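Turn these sequences into a full structure, and let the hints steer you where they fit.
2 protein chains.
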Amino acid sequence: MARRTGRRPGNPDTRQAILDAARAAFAERGFDGASIRAVAAAAQVDPALVHHYFGSKDRLFLAAMHAPVDPAELLPRVLAGDRAGLGERLVRTFLGVWDSPAGTAGVALLRSAVSNEWTARLLREFLVTQVLRRILDQLDVDPAELPLRGSLVASQLIGLAVMRHVVRLEPVASAAPETLVAAVGPTVQRYLTGDLAEVFAG
Amino acid sequence: MARRTGRRPGNPDTRQAILDAARAAFAERGFDGASIRAVAAAAQVDPALVHHYFGSKDRLFLAAMHAPVDPAELLPRVLAGDRAGLGERLVRTFLGVWDSPAGTAGVALLRSAVSNEWTARLLREFLVTQVLRRILDQLDVDPAELPLRGSLVASQLIGLAVMRHVVRLEPVASAAPETLVAAVGPTVQRYLTGDLAEVFAG
Numbered sequence: 001m002a003r004r005t006g007r008r009p010g011n012p013d014t015r016q017a018i019l020d021a022a023r024a025a026f027a028e029r030g031f032d033g034a035s036i037r038a039v040a041a042a043a044q045v046d047p048a049l050v051h052h053y054f055g056s057k058d059r060l061f062l063a064a065m066h067a068p069v070d071p072a073e074l075l076p077r078v079l080a081g082d083r084a085g086l087g088e089r090l091v092r093t094f095l096g097v098w099d100s101p102a103g104t105a106g107v108a109l110l111r112s113a114v115s116n117e118w119t120a121r122l123l124r125e126f127l128v129t130q131v132l133r134r135i136l137d138q139l140d141v142d143p144a145e146l147p148l149r150g151s152l153v154a155s156q157l158i159g160l161a162v163m164r165h166v167v168r169l170e171p172v173a174s175a176a177p178e179t180l181v182a183a184v185g186p187t188v189q190r191y192l193t194g195d196l197a198e199v200f201a202g
Numbered sequence: 001m002a003r004r005t006g007r008r009p010g011n012p013d014t015r016q017a018i019l020d021a022a023r024a025a026f027a028e029r030g031f032d033g034a035s036i037r038a039v040a041a042a043a044q045v046d047p048a049l050v051h052h053y054f055g056s057k058d059r060l061f062l063a064a065m066h067a068p069v070d071p072a073e074l075l076p077r078v079l080a081g082d083r084a085g086l087g088e089r090l091v092r093t094f095l096g097v098w099d100s101p102a103g104t105a106g107v108a109l110l111r112s113a114v115s116n117e118w119t120a121r122l123l124r125e126f127l128v129t130q131v132l133r134r135i136l137d138q139l140d141v142d143p144a145e146l147p148l149r150g151s152l153v154a155s156q157l158i159g160l161a162v163m164r165h166v167v168r169l170e171p172v173a174s175a176a177p178e179t180l181v182a183a184v185g186p187t188v189q190r191y192l193t194g195d196l197a198e199v200f201a202g
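Listed in order, the protein sequences are those of chains Y and Z.
Using UniProt numbering, read the first sequence as starting at 1 and increasing by one per residue.
Using UniProt numbering, read the second sequence as starting at 1 and increasing by one per residue.
It is worth saying that the hints were derived from the structure and are not from the lab.
Keep in mind it's a predicted model, so treat the numbers as computed, not measured.
Just so you know, not all the hints are guaranteed correct.
Computed footprint of chain Z on chain Y; a stretch qualifies when at least three of its residues, placed anywhere within it, have a C-beta under 8 Å from a C-beta of chain Z [unchecked claim]:
{"hint": "1", "region": "111-118"}
{"hint": "2", "region": "145-155"}
{"hint": "3", "region": "176-184"}
We put the CB at the ideal spot given by N, CA and C, even for glycine.
Here you go:
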């Protein structure tokens, strides 16, 4: 039955059907819990077609959630270089994305995540699996501390984006990027690699 | 003409008419630029009636923007005590409000501010005139640095609220308040009173 109503590669709706199914699967089961096979079944296509269109589960996820950038392309430059400069490089790259045309899509994504539980889940999965996991894997800190460190970084960076691009509180809204890198870089560095013994003793 | 269509104290719509006029005035002209006299004129009531209902411009503003708490009541306890503990006390009080029933109204306000430019303006005015100004006035730092210091504090605190209560990223979403006080307090302390020479040299 599924085969008879199955969609074919040439159909322009096929790509959209895959994206709709992927969006539902990632929101319901999370990035790790959703498989390309299950997405293909829900979209009534062959898994090979999902691979053909999107290449990988990461790329399917980015497309399904309308991610304006691919962290896999941006983060290698952030992670290269001395560990002491990691916070500043991460803030600089983050601000660069938000100040670019991709920032408009970022604002739309934030707006949707704040008002819609589905998009909030996708944003959460994006932050954890596409951004934080890739950074945290590189750190020489107690693995048990990584989830909290990562979510503290996310709280500062998302707060910066909300104030600069959504609420537009001055002077953060129009400050030069390097001013904010100097201000917020040490915060992010402390969350990533600083001594948080007092935090984890609590 | 205004007198003949003017609203009277006994009318249950009168209070709402004042609030509607106040919301428009504060969003359009900001807190400092909006006067009780202008709000009264727009609502077609006597200014004395606005004073009678709301007491002060601060309280009129809080009612108009549906602020879940009055920072004037909470901040004296934050500001009392040693300057070195200011960051931790501010984070503790902030988390206390968001973890209380007022937090539900806070989430609603955030949702509205992120999707609606009017509410975003009111939130901006709230942060500056009701929260940040009252804290920054007490600090012994270069007055020229205060606006950026204040908006950095706001970026970290709002980011924390978004991650804990809206996006609900774990473990920040369910961490014990004192864990977050220990983690984020030093960040807020640095933004308020720390040496930011590198930031302001930029």
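Hint check results:
A stretch counts as covered by a chain when three or more of its residues have a beta carbon under 8 Å from one of that chain; for the region 111-118 of chain Y and chain Z the count is 4, and the coverage holds. With 6 residues bearing a CB less than 8 Å from a CB of chain Z, the region 145-155 of chain Y meets the requirement of three and the coverage assertion stands. Given as covered by chain Z, the region 176-184 of chain Y passes the check, having 6 residues with a CB less than 8 Å from a CB of that chain where 3 are the minimum.
No hint from the list above goes unmet by this structure.
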